[in-house]
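Enquirer: Take 1 as the starting number for the sequence shown in the working numbering and just add one per residue.
Hints were generated in silico from the structure; no laboratory data involved.
Owing to the predicted nature of the structure, the values given are computational and were not obtained by experimental measurement.
Every residue, glycine too, gets a C-beta built ideally from N, C-alpha and C.
Estimated spans, in silico, between C-beta atoms of each pair:
1) D103 <-> P131: 30 to 36 Å
2) R153 <-> A64: 32 to 38 Å
3) G91 <-> R141: 30 to 36 Å
4) G71 <-> N97: 21 to 27 Å
5) D125 <-> H68: 21 to 27 Å
6) V67 <-> H95: 21 to 27 Å
7) G117 <-> E52: 15 to 21 Å
8) P106 <-> D154: 35 to 41 Å
9) N97 <-> L166: 15 to 21 Å
10) R141 <-> P49: 27 to 33 Å
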Amino acid sequence: MTLSTRAPQHARPAAPPDRRPRRSSTRRVLLALAAPLLVVGLAACDPSPSQESVRSLVNESRRAHGVHPIGDELIVRQKAQRWAEHLAANGTLAHSNLSSGLDGLPWVTVAENVGRGSSIRSIHDSYLASPRHRANILDRRWDRIGTGHAVARDGTVYTVHVFVDLG
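From just these sequences and the hints, can you work out the full model?
Expert: In structure tokens:
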């Protein structure tokens with residue numbers, strides 16, 4: 001099976017003998033090189049299994065308290081992931097600049113949970129034990145969430161929730 005991106009063409013007269021042939025092989029090589037990059041780029045749009053696990057725990061808690069689950073948002077997830085990686089790389093626990101990295105998203109309110117521990121589950125349990133973090137998880141106004149997950153060199157796990165109200 002071949003892949004063609006051109007419209008069908010009618011037969012052309014043969015090229016004169018002194019003319020160089022078309023460089024269709026160059027195009028094929030470039031397409032072969034670009035295809036894996038496209039696949040990698042599309043895969044980067046999906047949450048990692050760890051990011052999905054973080055979001056799943058949030059939604060399990062929301063459902064258990066009669067609150068609608070919240071969907072993933074690429075821009076917000078990218079922000080959360082970058083921040084989780086920053087925290088793990090620096091071994092610190094701090095909040096990000098909440099509005100940073102949300103360009104192009106028509107948000108009204110943003111909140112964030114940051115945590116560290118031995119596992120995604122242990123951090124989630126700590127969030128639920130904290131009144132302020134728990135309030136963020138169970139707040140009904142959130143429309144979207146972005147989740148981040150990173151592991152520091154010493155094995156400490158970091159998770160980030162970025163909650164967004166789109167209004």
